[in-house]
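J.: Chains as they are written, first to last, in my numbering: chain D, 1 to 263; chain Z, 1 to 263; chain G, 1 to 263.
Since the hints were derived computationally from the structure, they do not count as laboratory data.
Built from N, CA and C at the ideal position, the CB exists for glycine as well.
There are no misleading hints in this set.
Which bits of chain G does chain D cover? Going by a derived footprint, with three or more residues having C-beta under 8 Å, they are: (1) 7-16; (2) 71-85; (3) 117-125.
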Amino acid sequence: MAIVTLTTDYGEDSAYAAALKGSLLRVCPEARLYDLSHSIPPQDIVHAAFFLSEAIPWFPPQTIHVVVVDPGVGTARRLLYVEWQGQRILAPDNGVCTLLWRRQPAERILQLQNRQYFHETVSNTFHGRDILAPVAGHLANGLDPALLGPEVTDPVHLPFPQPRPQGEFLLGEIVFVDHFGNLLSNIHRDDWPGLRPVCVEISGIRPRWVRTYGEASRGEIVALWSSGGWLEIAVVEGHAAHRLNLGRGAPVLVTFARAENCP
Amino acid sequence: MAIVTLTTDYGEDSAYAAALKGSLLRVCPEARLYDLSHSIPPQDIVHAAFFLSEAIPWFPPQTIHVVVVDPGVGTARRLLYVEWQGQRILAPDNGVCTLLWRRQPAERILQLQNRQYFHETVSNTFHGRDILAPVAGHLANGLDPALLGPEVTDPVHLPFPQPRPQGEFLLGEIVFVDHFGNLLSNIHRDDWPGLRPVCVEISGIRPRWVRTYGEASRGEIVALWSSGGWLEIAVVEGHAAHRLNLGRGAPVLVTFARAENCP
Amino acid sequence: MAIVTLTTDYGEDSAYAAALKGSLLRVCPEARLYDLSHSIPPQDIVHAAFFLSEAIPWFPPQTIHVVVVDPGVGTARRLLYVEWQGQRILAPDNGVCTLLWRRQPAERILQLQNRQYFHETVSNTFHGRDILAPVAGHLANGLDPALLGPEVTDPVHLPFPQPRPQGEFLLGEIVFVDHFGNLLSNIHRDDWPGLRPVCVEISGIRPRWVRTYGEASRGEIVALWSSGGWLEIAVVEGHAAHRLNLGRGAPVLVTFARAENCP
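The shape of chain D in the complex, shown without the other chains (with noise of 0.2 Å):
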């Protein structure tokens, strides 16, 4: 039976999870639910790019993934049904896709509009519960998603910031911090293909660079590449979000080098 993951800035706390499963469940009781996260910052549609792009390309094909991170309910903004590499999404139309679509475009996107899929009545505002829970209870139960609704060609894009060349150095910035206090910068691996930073600069301090924490002592400043690929500062065992007092936005510099001239 159908996997359905949850992804919302509802909080852990909050009613309004529970009830978008319950909606869920009523439409399609054999769905197989799992919670993602509900501890989304409230309306961080930057954060949650970042969280889907880190988590949903790892899901079984087909999975389908309902993201609700909506400042725009009740407004005239569009909801989509998002075919991406064999997963299936669910989300308002506000760019929380920007960064899945970056390495793979989607293979189809489609307005959800067949109100004979929603709950019988919609409130304005909350359209996980009464659109997009029972839309993807249907998907579920085997709907077609052709019946949904029209195709969308034209889908929002977050201004997602790119690293540029400045001088000898590669400029780019932090653009989510992790539970750890781990700084995640917008600099991939993938884009710099048999190459390795060699001097990592941020904030006036050149971390060393290493494969993993364990490499480097307790408390020490570190560079590395992040789990996901992203260029990562963290402090072995503790908060470099604390620690150096910084946050999404902060600039990193990077100089390369090829990877097998490297120590």
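Given the coordinates of chain D, assemble chains Z and G onto it according to the supplied hints.
T.: Frame of chain D; chains Z and G shown alone:
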């Protein structure tokens, strides 16, 4: 197979919620367990009552809901099995179902008394694990609830505040602060059919009435019907509770007019 | 189908827990995944050991428990498959099972070495997603654990503090603070059969001994056997850790008498 939901004040970091899940799955490994929340504020029965009234009605019939917000654990307070609108609820007899019962009376209430369906040893401080979870497991296995214990005709009700007239106004109060800081009052749309608030006053401020957040600009204080039908005070893309420095108990004044006469 | 539980320090807001779930479901889409907690304090192995000892024994036999509290990720530390009382645990070899093993020794411990059951690429910093999750998926699919790797006879044990006599007293210490602020010590009821504490002293205070919170009045400091059998200091409907300003490591003194002689 039966759907079972869990709502507790054990905390997301808690081994208690984990042990409760194990205890239930040991009796019925096939049950489909879903967390509603483990972040009910500790021992806050009023919060739990509101939470349940927003969440439980959305689930498929015959869902089993395990609710553990239980400051009286180990004392003589009863544990209940409640049938309400086709839902089945296992909870302490402390009023957590009050708001559901305001909507519709319970169809059946029994006291959990038959120790045959409890864990073989019952601790003094953890009846969620030792009584409610195994009973839920047996119900999920198809146990006839009539075997659980005798009928209860006098369950505990919370003295939930009711709005009352004050001059030309209706005087209500805030009863719930949601994860986004939205202030939800005890004034419900369904009690004022065909009417709409024309003037809402809270803490000397008169928020504009809107249908949804997106009708106002960022930072504006607005009033609207919440997705659950309660009169709600919100700050668009902000946190009303912090901004207004208000919480549960804050008074709200409202006047109504016929909806068709409203702009 | 196999039940699989997840216990990590990734945080509820974390894409890491989400990716781990995807990685596991990709190998075994039919597995029944349950979150125990993703809120273990970062890299706190002692906390995790206590958590597991309270939770794991309650699950049905053959449950697979994935545990990722792993400050040594990417170093030479081993990853283990542990059989304990019919439960199956996948965890780093850092002592997280110490308290379970105190109760009963493990029946079998193997090192995860057969890369055939890992993800095809293994990152340096995320072995939960790249090793433990896929191995759990293969076990859920029925893999014979003997194929995972060689036996381990010298797993790491935590130097968990033991209570010791001091004059007429037994001197223990607080080892765990639960979500409610209750202070749990390393003194276990099962080590003192037929006896009951008559005098408990902590931080110069002598809390009254009770069977359950409800025997005392709101705000009173009490001592009792926790639901897991540990000597616990609690504040009724309050937070003992904040009230007494105590935490892990705080000494507790106890004298015992025969239970039948106690009031």
